[in-house]
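Novice: Going down the list, the sequences are from chains U and S.
Letter 272 of the first sequence, counting from 1, is numbered 272 in UniProt numbering, and no numbers are missing.
Letter 261 of the second sequence, counting from 1, is numbered 261 in UniProt numbering, and no numbers are missing.
Treat the hints with care, as some may be off.
[To be verified] With the C-beta cut set under 10 Å, the calculated list includes, among others, these residues of chain S facing chain U:
1) Gly-47
2) Tyr-128
3) Arg-161
4) Arg-195
5) Arg-207
6) Tyr-271
[Unchecked claim] Rough simulated footprint, nothing fancy, chain U against chain S, three-plus residues with beta-carbon under 8 Å:
7) 59 to 67
8) 114 to 125
9) 225 to 236
If you're looking for bench data, these hints aren't it; they were derived computationally from the structure.
The C-beta atom is built at its ideal place from N, Cα and C for all residues, glycine as well.
Number of protein chains: 2
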Amino acid sequence: MHIEPPREEWLNRRLKLQQMMKSQGLSGCLVTQNVGIYYYTGSMQTGYLFVPAVEESTYYVRRSVARALSESNVKVAELGSFRNFGRQLEADYPELFGATVSEGSLPSSFSSVPLIGTDLDVMPTQLYFRLTEAVPQAKLTDASGLLRQARSVKTPYEIARIERAAEAVAQALDVGCERLHEGMTELELMATIERELRSHGHIGLMRMRGYNQEIMTGVVAAGDAAAEPTYFDGPTGGRGLSPAAPQSASLRPIGRNEPILIDIGCCIDGYVIDQTRTAVIGELSPELRAAYETAEAIIRRAEQELKPGAIPEQIYAEALMMAEAAGLSSNFMGYGRDQVKFLGHGIGLEIDEWPVLAKGFRDPLEAGMTIAVEPKFTFPGVGVVGIENTYVITETGCRALTVSPEGIYSKQHS
Amino acid sequence: MHIEPPREEWLNRRLKLQQMMKSQGLSGCLVTQNVGIYYYTGSMQTGYLFVPAVEESTYYVRRSVARALSESNVKVAELGSFRNFGRQLEADYPELFGATVSEGSLPSSFSSVPLIGTDLDVMPTQLYFRLTEAVPQAKLTDASGLLRQARSVKTPYEIARIERAAEAVAQALDVGCERLHEGMTELELMATIERELRSHGHIGLMRMRGYNQEIMTGVVAAGDAAAEPTYFDGPTGGRGLSPAAPQSASLRPIGRNEPILIDIGCCIDGYVIDQTRTAVIGELSPELRAAYETAEAIIRRAEQELKPGAIPEQIYAEALMMAEAAGLSSNFMGYGRDQVKFLGHGIGLEIDEWPVLAKGFRDPLEAGMTIAVEPKFTFPGVGVVGIENTYVITETGCRALTVSPEGIYSKQHS
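Kindly produce the complete structure, drawing on both the sequences and the hints.
Specialist: Quick look at the structure:
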C-alpha cells in the first residue's frame, strides 16, 4: 500500500517550514507529535524531530532506532538520556544553543536564548515541563498554528494518496449498499464497510488532532439514532454502542423509509479521506428529500467558491444563508444547541486539518489545499440527510477527490 | 452491549478519589480527559469534571449538554464562556475558590489558593495555559499518578465488562484460526478477526493513554515481519502497512512452519482486553517451541506470584531471571536494543493502565487489579512466539479473564 514519494519531497517540506519559521522569528521547531514527525521524516518512531531555521534537521529517536534508520529521510541520532537532551542539542547545534548557558559565562540576556516553536496544541503538559527542564538552552513557544498551516497545502504525492483512500471508500460504500437490507443493524452495515476498507489497505485507525476527539471509521447511523447529538466535533454524532463510545453505529436495526447516513473515511498510507452519502430502503419523505436537495445545492455553490483566493469564512457564511433561505437554519450542521459552526475542514494525515470553512478563517485558500465539505441537516427523532465530498483546490477552482456517485442511494427491495 | 452499573458505582468511585486527594493535600481534581470523565460520570461528552475534596462534583459540559444530561450520574452544568470558567467554579464552590481573588481584597497568600490536581500527563500544554488563565483562583498541579492509581483497582462491574471483551476475543480468535491458510496475508487474517470482534460489539477503537501511542486491534504478524521492531510500547511491533502505520499486520503472506503471533484485543462498553496466542501452519522449529515453552513457564510462575501484597517489580525480575536461565535474555520482550522493560501492564478503560510489572513499581498488588501478562520472545528474521493472558487479582491469588485455550495453535492442513 505504501508508495515512496519523490526523494525531494521530504526536503521541500522542511525547506518550506524553515521559510515560515524564519518569518516568525523562530530559531527552530521541535516536533514531538508522531504525525508531525512522519510528515517531515517519512518515519513515525518514538522521538523528537528538531528542524533548525537553517542547517540540517535531526531526528532524535528513542525507539526503534533501527526502524528509524531504515525509514528516515532525515539524519537519525539516538536520543540519549532525556535529561541531557539539551546538551545533546547543544553539541549538535553549537551555534544555536551553545551561547546561552555555558558555565562561568555571564548570564545570557533573554534575547540570546533561541526561541523554539513546538506543537503545544497536542504535547502533554507533563512532557512540556520535562522538556523545559531538559532543554534550558532554549525557550519553547507555541508553533501549533504554524505547523498546521505548513501542512495545509498538499503536494501532488499527498493528493494521490488521498485519492487512493477515496477509491477505497467508494468501493466499500458499494459493498455496503449492496448488502444493505431492512433489519440489518447499523453496526452490521458499518462492520461490512470496515471489512472492505481493511482489504483495501485501511490502516485500522483514522487520526484526529483534537484533544479527546476520536473517530471510528466515520458515522453509519439511521433514523432517530443518527440524529442523536454527541461530543464528536462534526455535524453528526449517532447513538453509538455505549456511553463509553457515544458516536457512530449502534445496534439499532435499519428500517424502511428512514434516512441512512453513511459518513465514512479510511486511512491509507497515512492519508485520510472523508465522504458522506445518504441512503434509504424505500423512500424519504418530501421534507427530507427537500433538505437533501438543499445540501446538494450548498455543495454545488461551495464548488464554485472553492478556488485560490477565496476566504473560508465567506464560504461558510454563504452556506448559512442558503440554509436559512430554505427555512432550515436550526437543522443545519446539527440541531439547535448541538450545531457545529463550520461547513468543512482540511484533511490529510489528520481528519481535522486546516483550513476550516468557519468564522475566523480569513486566510485565502491556496492551490493544493484539500478540504472536506459536508452540508448536513439534522431532524431530531427522524434522522440526518446530507452529502460530503473532499476537494483539492486547483489553480483555477477545485476538483473532487471523492468519486462515489451523488444523489440519494435508494434501495427499493431489501 | 452496554450494561448500566449499580447506581452506587459512580458515587463510590468519586468517594474513593476524594479520600485519595485529601491525603495528598488537594482541594479538588479537575478531570479533562474523556476516559477519566467517563470513569466518574458515566458520560463522555466534551467538557471538564470537577471533583472537590468534599461536596458534590459538577460536570461542566460544552457539547452535547443534552447527551450529558441523559447519561451523567453527576450534576451537569453547561460550560459558559471558557474565559469565565474560574468565575463559574467560584459561583458553584464559593468556599473553595471564593477567598482568593475578590477585587479590592488584599492579595491572597499562596497557601490560601486551592491546589487542584489534574491530568497533566494527557492534557495538551495549550489547554493547560488556557486553564491557568481562565481559573486564576486555583493552582493546578499534576495528579496524573493519583488518577491512574485510583482506577487501578477494578469493581466487579468493571471486571465483568473485561470478561465480556475476553469472550469476544476468544470467539474472534477461533474464527481467525479456522480461516487461517497458507498464503493468506497478515492483513486478511487481522481483518477477519476484526470483523468478528465488531459483530460482538467492539467499539472500533482501543484507547491508550501514552502520547503518540496507538493500537490497531493488536498485532497480527508472522515470521520475520512480526519480529520487526517499532515504536509501539510493547514487546511486539510488526511491519505494518506503511511507515505511516508502522506496526501490526502487513501485506506479507503467511507461510508454513513460521510462528504467527495473534496478539489481539477489543473494547466493549469501554473496557479493553488483551490476549496473545501463537499459531503455526505446519510445525515450529525446536528452538521456537522451546522459547514458547519458556513463555508458558514464565506465565505459570507469574500466576503463582500474582496476589495481594506481591511487588510488581519483583515479578518482572523473576521473569528476567527465567529468560536468562533459558539463554533467551536478548530475545525477551523484544530483541536487543528494542526490548521493552516490562512483563505486563494494567488494563481497563485503557490498555496501558497501572500497575506495570516493571522496575520502579513497588506498591503491592491489590485485589481487583487487572493485569495483562505477556512473556514473548523475538527472533529477528524468524518471528515472535509467546503468550498473553489478562488476570484479575483475587483475595488469595489471581484468576484469568482471558479464556482461549493455551498452547501452540497448530494447523496441519490449510
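Novice: Now look at each hint and say whether the structure bears it out.
Specialist: So, going through the hints one by one against the coordinates:
A hinted interface residue such as Gly-47/S counts as satisfied when its beta carbon comes closer than 10 Å to some beta carbon of chain U; here the least separation is about 8 Å, so the hint holds. Residue-level restraint check for Tyr-128/S holds (minimum Cβ-Cβ distance to chain U is 4 Å; threshold 10 Å). Against a cut-off of 10 Å between C-beta atoms, the interface hint on Arg-161/S holds, since the closest Cβ of chain U lies about 9 Å away. At its closest, the beta carbon of Arg-195/S sits 5 Å from a beta carbon of chain U; the interface hint therefore holds under the 10 Å criterion.
At about 8 Å, the closest approach between the beta carbon of Arg-207/S and any beta carbon in chain U falls short of 10 Å, and the interface hint on this residue holds. At its closest, the beta carbon of Tyr-271/S sits 8 Å from a beta carbon of chain U; the interface hint therefore holds under the 10 Å criterion. With 5 residues bearing a CB less than 8 Å from a CB of chain U, the stretch 59 to 67 of chain S meets the requirement of three and the coverage assertion stands. Here's how the stretch 114 to 125 of chain S fares: 6 of its residues keep a CB closer than 8 Å to some CB of chain U, so the rule of at least three is met and the hint holds.
Judged by the Cβ-Cβ criterion of 8 Å, the stretch 225 to 236 of chain S is covered by chain U as claimed, because 5 of its residues qualify and three suffice.
Checked against the numbered hints above, the structure violates none of them.
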